[in-house]
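**Student:** Take the sequences, apply the hints, and build the full model.
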Amino acid sequence: MKIAVLLTMVPDLVDELEIDAAGTALETQWLRYVLSESDDHALEQALVLKDRYGADVTALALDHGDVDQTLFTALAKGAQEAVKIGPLPRPDPGRREAAAIFAGVLAAWSPDLILAGVQAINDCDGHLPGLLGGLLTLPSIGVTRSVDIAASGTVTVLKEYPGGLAAEMTVALPAVIGVLSAPQPPRYVPVARIREVTKSRTLASAPTPAVSGPPAPTIRRLFKPEPSGRAKMLTGTPDQAAAELVSILENRGVLR
Amino acid sequence: MTTATTPDVWIYVEHLRGAVAPHTYELLGKGRELAAALGGRLIAVLPGHGSRPLAGTLGAADAVVLVEDERLASFSAEAHGAVLAALAAGGMPHLLLCGATSAGIDLAAHLAGALGAPMVVNARALAVDGGTVIATSQLCGGKLLCELEVAPGTIVTALAGAFPADAGMSTREPQVETAEAPEALRQIRTAVTRLLEPSAGDVDITRAGVLVAVGRGIQRKENLPLAEELATLLGGAVCASRPVIDQGWLPLSRQVGKSGLAVKPGLYLALGISGASEHVEGMKDAALIVAVNSDPQAPIFEVAHYGVVGDLFEVVPPLIEALKGRRAQAA
Ligand SMILES: Cc1cc2nc3c(=O)[nH]c(=O)nc-3n(C[C@H](O)[C@H](O)[C@H](O)COP(=O)(O)OP(=O)(O)OC[C@H]3O[C@@H](n4cnc5c(N)ncnc54)[C@H](O)[C@@H]3O)c2cc1C
Ligand SMILES: Nc1ncnc2c1ncn2[C@@H]1O[C@H](COP(=O)(O)O)[C@@H](O)[C@H]1O
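Note that the protein sequences, when read in sequence, are chains L and D. Here numbering that gives the first Met the number 0 is used: position 153 in the first sequence is 152, and no number is missing along the way. Here numbering that gives the first Met the number 0 is used: position 268 in the second sequence is 267, and no number is missing along the way.
Just so you know, nobody snuck in bad clues.
Just a sample of chain D residues kept apart from chain L, beta carbon distances all over 12 angstroms, derived:
1) Pro6
2) Ala36
3) Arg40
4) Gly58
5) Ala62
6) Leu65
7) Glu69
8) Pro163
9) Arg171
10) Ala180
11) Glu227
The calculated lysine-lysine pairs, modelled on DSS-like cross-linking and capped at a C-alpha distance of 27 angstroms, are:
12) D:Lys283 / L:Lys223
13) D:Lys323 / L:Lys231
14) D:Lys283 / D:Lys263
15) L:Lys231 / D:Lys263
16) L:Lys198 / L:Lys83
Calculated directly from the structure, the hints in this document are not laboratory data. Bear in mind that the values here come from a model prediction, so they are computed numbers and not experimental data. Don't be surprised by glycine CBs; every beta carbon is placed ideally from N, CA and C.
**Tutor:** The structure is reproduced here in structure tokens:
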């Protein structure tokens, strides 16, 4: 079983986000990128299947942000291969263009199972797994919390619905699965191990295929929401804030 | 790309276990307004099996297009997408609106890929400006908003709670048109085998009067007793955001949000939770929301009534002490 895991780099929200002078994009000069959280789960899901059934896991990513580090980490965690796709037509393509690029690469390689995070925090013109399913004419199922290999040529997934309800679904391979969570937390790999892999392994590279598709939507304005001013902020030392909060709760009748 | 677009607005009608998803009425209400501004009709597209009774609840639409087939009984992007693709072949609407829900995001993205249609996700506002639809989408967990022009023929997902549901409710009997199930359903490779109910948790957080909610800011499982002590003093229970559940620190039955539970306690005390729309969806109706977050720009402060900008590990201990002191006085 050949599994492709698609990894997308997204802005690190730990840092303050700055808007560029034109007011339509993020200022990228100091922007740090990290692996999208649900992609980390998609990778973990793939590695769980590798541990269980000996699947072949290849991690693929577009060449931008600190992607080498992310791909070497995927190798250190147990992926057999890591492929960097580039050079890119622009530094940080939208999800739509990214989907078309991945589709071009994957069409030539035809994995049995394609796993990707169900959505990324900076998705604007689409979500990768669904777009890929549509582009490659493969079934796609997103918002999953478990993927397991069932009878020959099928997988069983749990797709999440509100209230903790889940639909158990089967799909004949090849298929695209959009992972929300892996069945276990993403594994930890020591930095020393990543360093070792960085020295002993190389990343495969794949050229960016020519793609077409609808133009990206025109962005008029990218901005931070104005504070609604709804929350009354409790200031002062932590002790003062705690005391004020207790009296608010008393007045509201929350404390008996 | 499909054929030329019409001025119509289509709403994908999501349903689960014989009931229309509440979010669909929000889309219908907004769709009414947009269809009027665009000079088109509002069409509710309802793929299902034995779903005709649901059409009666969709009177806000000018027409309901009902497509019935046993392979459409449960949602899959493949099957329901095949229905919409077949309908779109007869003319793509100006706008197809889906919920940013478990089913909606799958369907919208799959269809956009299959049709080569443009897509815009996570809209929390939609308006028509001189004939152009303008969407305001939420990005980066609510830290950014993006205003963009929506081309004719675009598939849009809208956040739950973005529009009032009342405007989409109507007692009017809608006109129901039936359409043939598409041939493509014969090749469907996805099947829903069963629905799994959540396993009952040790506590039912939907019944708790006070909830102390912990997010990624709690950092480690070893820090949970801090929240538990606070919850006990307040006579409540501990619940959490998704990352805490994903780490296995608390069971799924304690998750609040889109894929967890919706709660409405008298007090919701959010500790180290950023306020992503998927979380807010599940707790925004709490009577009193208090947030403690070290980031003054955390979107949780947009929904909170009271906020403390600070390290939860510095704010919670004095809060616990104050509550203990109060209790000692009463005794
Ligand atoms: C389809 C789908 C369904 C989802 N369903 C849900 C759902 O049901 N429920 C849910 O919660 N999420 C859900 N999510 C995930 C959601 O998008 C967010 O990723 C999640 O809510 C973030 O959780 P968080 O706020 O705990 O973490 P983060 O967004 O990482 O925020 C942590 C916050 O803690 C603050 N912080 C850090 N340290 C401290 C400290 N010492 N003191 C005070 N504050 C601190 C930080 O400033 C930050 O604001 C879903 C996502 C998808 C795609
Ligand atoms: N998942 C993949 N997608 C695209 N190209 C790949 C993939 N896996 C491998 N390749 C390319 O194919 C070459 C041969 O791969 P392999 O046959 O797996 O050793 C590699 O060096 C890569 O350039």
